[in-house]
Every structure is written in C-alpha cells, then in structure tokens.
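Under the numbering used here, the sequence shown is numbered contiguously, ending at residue 464.
Because the hints were derived from the structure by calculation, they are not lab data. Note that this is a predicted model, so its numbers are computed, not measured. Careful: at least some of the hints might be erroneous.
To be verified - For each label pair, taking beta carbons as the anchor points, the in silico distance ranges come out as:
1. Val-273 <-> Ala-427: 43 to 49 Å
2. Ala-282 <-> Pro-250: 34 to 40 Å
3. Ile-429 <-> Ser-268: 15 to 21 Å
4. Arg-373 <-> Trp-419: 32 to 38 Å
Built from N, CA and C at the ideal position, the CB exists for glycine as well.
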Amino acid sequence: MKHKPYGPYEKYFKRPLDFWCASLAAVVLSPVMLVTAILVKIKLGSPVLFVQERPGKDGKLFKLYKFRTMTDARNKDGKILPDSVRLTPFGKKLRATSLDELPELINMIKGEMSVVGPRPLLVSYLPRYNEHQARRHEVRPGFTGLAQVHGRNAITWEEKFDWDVKYVDHITFWGDFKIILATIKTVLKHDGITSGTYVTMEQFMGTKETGGKDPNENK
C-alpha cells in the first residue's frame, strides 16, 4: 500500500526544509566535524568514517555515513571482537553526544534521509519485521524520531517500532519541531544511550506477535 502524505507539510515542504536545514547545519557545524574527524583519526585510526548500507524509504538501500566509534580489534583467530570490547571510551563519548551522527547530514542533503523520521536500521532486519513494523519504511529514515525522544535504546524494539509507525501516520511541522527540541534535551541529558544490557541495543530478531499497537493506547 502506497504511503499517503498526512498533509501539505509532508507532501510539499518537508523535503525542501530537510535540504536547507541540513545544508545550513553542515556549514555551521563544519568546524566541529573537522575537529571530530581529526580526533577519530588520532584515537581510532583510519577510516574516519563508518559507511554501511541501510534501508531507506520503501526499503531502498543507501550508504549511511557516521564517524567511526569502534576499533577493528580481533581475537587470535581473526574474528572480530564484540561491540562492548571494540567501543572505546572516546567512542562512547561520541555516541553520548551524537557527534558520531553528524556525517548523516550528507545523507539528508542527498535526499536519502530526513531530519526527523524512523532511524535507519540494519539491512538484515528487513525480513524480520511484521507487517505493522515494516510500515516504518513508508517514509525517509531520519536523524532523530519519536522513538529517540521516548526512550532511545532504553525501550524495547517493539516499542520503538510502534513509535515509528505512529510518526509515519502523523507527520506535521509542529510535530517535527517538537521532536527536534526534545532530541536536543535528550542528547544534553545523555538519556537512553544504552539498553541496560548492551552497549547500544540488542539485535532485533523478530517479534512473535503479528501486529503492533499505538504506544499511547494504555496511557
């Protein structure tokens, strides 16, 4: 089923605003990005950028850009070590401040991402979504979204996807504006960076239930 824009903002104005906001941010934050890139080079070596394919709108793959936060440490057999071992204190600080996400401005300028939308996750998750969860791909993925301001990595995958679908169905200018303000607050407070049992978030292995629900249903 083809996604129908919620209103004029989503249909006509959201993409142009994404482009101009991302372009302006790239210019204003270029000194911060340069310093971050130099520190990543010194602390973690090359490559400075982490590049990985992620599913975008309608599941179309694109290359996501982030600053590298982990080493390439391997065991004696050459197997890559767990994230908890490879994520350095410096890398944790980058993630806590969301500085590692700044190269995604490139993705926003290119039209592969939006400022606000469901976060782009792993390609391997695509066949694991149920019909409700897969609806998160009806719109462009975002730098931040409803799930990021309602728990980030401290909530379950199912809760994340419910928030994502809620966003897909109600995209408004004021909604995006409030999410951006809430994101700034979340980053400053360092809320929800880890799941409590993992350095970021456990892998999503699928949901047994066949449908989702509105996160506010029982509130």
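Hints and how they fare:
| no. | hint | verdict |
| --- | --- | --- |
| 1 | Val-273 <-> Ala-427: 43 to 49 Å | 21 Å, violated |
| 2 | Ala-282 <-> Pro-250: 34 to 40 Å | 37 Å, holds |
| 3 | Ile-429 <-> Ser-268: 15 to 21 Å | 19 Å, holds |
| 4 | Arg-373 <-> Trp-419: 32 to 38 Å | 33 Å, holds |
Violated hints amount to a single one, hint 1; each of the other numbered hints is respected by the structure.
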